[in-house]
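*Asks:* The residues making up each chain are set out below.
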Amino acid sequence: MKVSSIGFLFHEAWLNIRRNGWMSVAALSTITVSLAVLGGVLWAGLRVHEIVAQQPQQFNMIDVFMKPTASRQISLSTKTKIESIKSVKSVFLITKEQAWADLTHRDPTLTKALPDNPLMDRLQVVARNGADVKNLAHLLKNSQLFPNVMQVNDSGKEVRILLSFATLVRNIGIFLALSLAVATLFIVTNTIRLTAYARRREISIMSLVGATSWFIRLPLLVEGLFHGVVGGFIGSLFVLAAASEVAHFVAQLNSPLLMYGTSSIISWYVIPGLVGIGAIMGISGSLLAIRRYVHA
Amino acid sequence: MKTLSKSTLLGNMITMRNVSVDYPGHCVALSDVSLTISRGEFVFIVGPSGAGKSTVLKLLTHAETVTTGTVMVNGLEVEKLKPSEVPNLRRHIGVVFQDFGLLPDRTVYENVAFAMRVLGSGRRAVKERIPVVLEMVGMAHRPDAFPNQLSGGEQQRVAIARALANQPDLLLADEPTGNLDPETSLGIVELLHQINEQGATVIVATHDVAIVDQRERRVLAFSEGRLVRDEACGRYDTVAEVSVGK
Ligand SMILES: Nc1ncnc2c1ncn2[C@@H]1O[C@H](COP(=O)(O)OP(=O)(O)OP(=O)(O)O)[C@@H](O)[C@H]1O
Ligand SMILES: [Mg+2]
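So the sequences go chain by chain: A and B.
Read in order, the letters of the first sequence correspond to residues 1 to 296 in our numbering.
Read in order, the letters of the second sequence correspond to residues 1001 to 1246 in our numbering.
Certain hints may be false.
Derived DEER-like restraints, expressed as beta-carbon distance ranges [unchecked claim]:
(1) A:H11 to B:V1028: 39 to 47 Å
(2) B:D1022 to A:R201: 23 to 31 Å
(3) B:K1082 to A:A247: 54 to 62 Å
(4) A:N190 to B:Q1214: 47 to 55 Å
(5) B:T1065 to A:N190: 28 to 36 Å
(6) B:N1018 to A:V25: 28 to 36 Å
(7) B:D1099 to A:S244: 53 to 61 Å
(8) A:N190 to B:S1020: 36 to 44 Å
(9) A:G276 to B:S1034: 55 to 63 Å
Hint data in this document are derived by calculation from the structure and do not stem from the laboratory.
Here the structure is a predicted model, which is why all the values come from computation and not from measurement.
For glycine and all other residues, C-beta sits at the position ideal for the given N, C-alpha and C.
Go ahead and model the full structure; you've got the sequences and the hints to work with.
*Replies:* Here it is as structure tokens:
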């Protein structure tokens, strides 16, 4: 096809978009929002998956919380007692004063609001082998052996919660992504249907003078492509903005789940990603509308 | 009935053989019509409303298809064309309608340019061709006017310019003067006549008695789907006599 014809096709597509006026604006906004949510959902899914994949390094840790009534002496003797277990590699004591200082640093308003330190001493137990963690946690929970232990959190539990959260995110994500993809397709199809109607005179003249059916359809395809690509681009900017907000917030949480490894997701990839998905949606939507509403 | 020789087919712009068209709902629009039109001819198709005039023209552009029979146009066997080959047939045919069919939100220039651009003509070719066709139809002074700023006769001239833009071998006009006053009508027919003199085959379907009688060109008269008269230098009103005589 000649360069001048490509120019003509784009010009015609732009005429259609302008002629549809507010309808075009509405379609573009809806497509933008759909693609942004789609992108956000996909990103969140990937990120949670990534965090889960990074967790096995932490499988060998157990947090043992002492009773608030337990003295430092008892904490230390419990530490020694745990250290003597064969499957234990090391034990660290995090005193309630250290924990308090840490919390004061992280959340000064909270600590100011509290009358005094409600925290307890914590023993961070590192197992020699991740496989021993479950038995070890079971042993530490034995109140006859360790009467001053209030609670035992093995990392398996956190990981289990994370895993079920990841599954939830994935299922919701798949559902949302599919519904939004269908919605986007529907909006594009409907917009192109309106264009085909607004363009019926042009289409009949094109057909009358002997334009090929592809030449008749291309302005409509270009219009669908425009909505998909522009919607995808603006949507990806929304996703980038939202992602940096979320990253900021999550960093503040200081979750131990996020301590290991950084994300390998390259954030600006979301731009070509959503533009690509948008382009596919735009072209498919146009093709559906053309098949149903353009007979030339 | 022997098939015509190749040279005869090429000499003819249009050949219809035993053409019948049944529209769904038991309406016979054309029955057993055979005719030939040579290259360079000027032909009127006349007849009362519903006689099948428009149907004949539609068959030539593959806008309608025969039920039985064959139609050859410009060396192509129309009903054997694949959908992808129909554009190639239409590229050699210009069509003009009673209601002009101009795009209301485009200027005279853009309307004519549109017909060229959709066939792949470049901007430069369009720029060279449009003044020529607008001059030919006498509209060179209004390239920037919109259709609603023009009289009916002027709009029809623009429509003719559009039909001529791609240099067709065959020009079909279906009631081109149907919406125009008698004087303007004569001007349009004079224009079609000039186009014919420059080489294009021109076919005009009409029930406008005045323009047919004034020109005295070949007349094909239809009645109830049949070709009832084919006269070299015909007039319109003899149609009535034939119909009454039947
Ligand atoms: N699409 C269609 N479906 C069914 N019947 C049709 C269709 N188009 C035309 N007809 C019928 O075919 C017959 C011939 O129609 P045609 O349009 O060729 O007549 P015409 O001679 O052009 O008439 P007019 O002078 O009113 O334009 C008419 O009886 C008409 O009702
Ligand atoms: Mg008619």
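*Asks:* Hint by hint, work out which the structure violates, then give me just those numbers in ascending order.
*Replies:* 6
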